[in-house]
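Chemist: Assemble the whole structure, with the sequences as input and the hints as a guide.
These are the residues of each chain, in order.
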Amino acid sequence: MAEAVVRYLRDGRLDGEHAPALALEGSLQCCSLAAGAMLHVTAALASQAAAGKAQARGLVVVAFDRSPEVYLEFMRRRGLDANALNRCVRILDCYTDPLGWKQKFQNQQHQENSTKQFSTNKENITVLRNVKDVNKMMYSITELGGGFEGEGKMYFSIAVDSISSLLRHASVPSVSGLLSNLRSHEQVSSIFWLIHSDLHEPKVPRAFECLSTMVACVEPALVDPVCVESPGSMSTLEQNYSKAKFIVRLKRRNGRVKHFYEDLYVEGNDVKFDSAHVSTEVNQSLVPKVQFNLELSEKERTDRANVVLPFEHQGKGEPIQIYDGRRSLPEGQRDPNLAPALVDEIAPKSGTAKGEIHYVRDSDDEQPDSDEDPDDDLDI
Amino acid sequence: MEEYGGGDLLSEAMGSAARVVVVEDCVEAPGAFVLHLLLKRALAGGGAAAFLALAQPFTHYDRILRKMGCNLSLHRRNERLHFFELQAFPGKQSFYYLMLFPDIIGSGAKDGAIADCFVRLYSEIQRVVEATRTGENAGQFTIMIDDVSLLEVAAHGSVDNVLDFLYYCVTLTSEMNCSLVILIHEDIYAVEENMGLLLHLRHIADLVVKAAPLSTGLAADVHGQLSVVNKGTFSEQRAKAQKVWSFHFKVKENSTDFFYPGSTMSKVSLNLFFTNLLAFKHSPQPSPLNFT
Chain A
-8 MAEAVVRYLR DGRLDGEHAP ALALEGSLQC CSLAAGAMLH VTAALASQAA AGKAQARGLV
52 VVAFDRSPEV YLEFMRRRGL DANALNRCVR ILDCYTDPLG WKQKFQNQQH QENSTKQFST
112 NKENITVLRN VKDVNKMMYS ITELGGGFEG EGKMYFSIAV DSISSLLRHA SVPSVSGLLS
172 NLRSHEQVSS IFWLIHSDLH EPKVPRAFEC LSTMVACVEP ALVDPVCVES PGSMSTLEQN
232 YSKAKFIVRL KRRNGRVKHF YEDLYVEGND VKFDSAHVST EVNQSLVPKV QFNLELSEKE
292 RTDRANVVLP FEHQGKGEPI QIYDGRRSLP EGQRDPNLAP ALVDEIAPKS GTAKGEIHYV
352 RDSDDEQPDS DEDPDDDLDI
Chain B
32 MEEYGGGDLL SEAMGSAARV VVVEDCVEAP GAFVLHLLLK RALAGGGAAA FLALAQPFTH
92 YDRILRKMGC NLSLHRRNER LHFFELQAFP GKQSFYYLML FPDIIGSGAK DGAIADCFVR
152 LYSEIQRVVE ATRTGENAGQ FTIMIDDVSL LEVAAHGSVD NVLDFLYYCV TLTSEMNCSL
212 VILIHEDIYA VEENMGLLLH LRHIADLVVK AAPLSTGLAA DVHGQLSVVN KGTFSEQRAK
272 AQKVWSFHFK VKENSTDFFY PGSTMSKVSL NLFFTNLLAF KHSPQPSPLN FT
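Residue numbers (my numbering), protein chains in the order written: chain A, -8 to 371; chain B, 32 to 323.
Don't read these hints as lab results, they were simulated from the structure.
Take the hints with a grain of salt, since some may be wrong.
[To be verified] Computed list of lysine to any residue pairs in SDA-like fashion (alpha-carbon distance at most 20 angstroms, straight line):
no.	chain 1	residue 1	chain 2	residue 2
1	A	LYS95	B	ALA162
2	A	LYS123	B	TYR198
3	A	LYS123	B	HIS231
4	A	LYS95	B	ALA144
5	A	LYS123	B	HIS67
6	A	LYS123	B	ALA162
7	A	LYS95	B	ARG158
[Unchecked claim] Far from chain B by the CB rule (all over 12 angstroms, computed), these chain A residues:
no.	residue
8	TYR(-1)
9	ALA75
10	SER153
Backbone N, C-alpha and C fix where the C-beta goes; we use that ideal spot for every residue, glycine too.
Modeler: See the structure below:
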């Protein structure tokens, strides 16, 4: 439920707790939808902040994968005007010139050519030219976050899009250090990030999930077991590019984890969440929904208990005998030492025309109709 | 009849909004012909292109494109085509290779030196793009790389440097209204451990064109199948359009035929096919060829 997720991010940090963090994960199969979900959360949080409903005064977007214009455009479409954007959104642009190549190039041909195409004149976009320096990045983020107007204690939220690009320039420990430092920073209200889980070893997304309080996975709506990324079944692929499952795991403060999911799809230029199909997955019983009844009624249960199984001949007036593993013959009537005599006696008793199998239970633990090997020698 | 031939199915599938196109091919079905078509198209409408050639020399492309009705030498003289010949045969390094990669030749495979080479290559491309934009013919600009696998070889296997370079090229597409076409040999990256470059490219791409051998086996008049996956971005207008296409191709001497499976390419049946297609288009019921 995207709404719930945004609500948690909006409400921000509680006293004596770290900021809530959301890890958004997507894979190649529905990569553009994961990006769409990221844009949705970013825009939703920005509009909450602009309306003054959020704990955070503003949102700092650390943009790696997309040009800052994409975010601004998306937020504009969501109804944020230029004034609100300037007030509540700051973008740290790590997309345009992450390694400073363009600056180097500009310096080279410094002469009369002062067309400042790359240093954007927009006031809410700041270009970061050395993303390898994680400390400097953290400093820039907190500096941008501190720049929002307002009085009293000022909070801000952070969006990182995406960790995967950051990980190309920095190691996993330094990036997780950055994230956990930001989470514990006293002015940070909430933080969320996107990660492309298939670009890394499985342990890397796990490491970042551990840092978060919420994990939202965008997974393909249909999984084709035969071919995952091959163009075999077009309809499956086609479906997966327009629709996905948005699975959320919410970690409560007491450690309880809640699961739920809803459908995510693209409509026009926008991302929509379909909460009509919100599943109450956790509450329903494990018995699958089928047309026929798998449960027994009370009467059926007692009837079942009354059935005498064919080998269950004991206990009807006769003493129940339990084989103790040492004596192979019924005791009580005879001493085991007198075995030869016993054989003689049994023979006429059961020596009628029909054959009979006498079965002695191993112990009372054994259920009458259990599948276990009854006398341990069949080697089932 | 002519309007349906010559790769129209491909251009219909590709649309016009895609900025980053990744062409994947394999040994059984080389995808170079897609690159040739796209190069021809890039230069056709008054556009310009930068071509980073690592796989073949200029004369090779010139010869092929001439048969397709596109004079590369002329475009090169008119500065509409900027051809970066980056091959490095021992003793016969090309001009651009010497200019852009002197550090690699000199000092072996030092990481900083390789990065410097890519900075130089990138700034050269940016200079070209800017020059074209400020000129009169401010049409579409296309950057093509043939192919990335060899670029990785040129970078002494340093995937990070190649990716940095590619990401910078991607930033050009959003700033300078140009598009990027990258060829990659998919089968090289079949093993899980070295999927890195391919996966990154698939993430970058707006559109993936994949050439593969015919899944049902060999056929005389079908050379392979092409699938086009339009990943689409949200800025794209035609969000409702079909996202996944799959069709067969036949590479001919001076053009390539694209057609849906089941329609053979002999002249007679081709005529029949297109008559049927036209009949479908004009009939009120939805055409079976248009999956929307």
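Chemist: Where does the structure disagree with the numbered hints, that is, which hint numbers, in rising order?
Modeler: When the structure is compared with the hints, numbers 5, 6 and 10 turn out to be violated.
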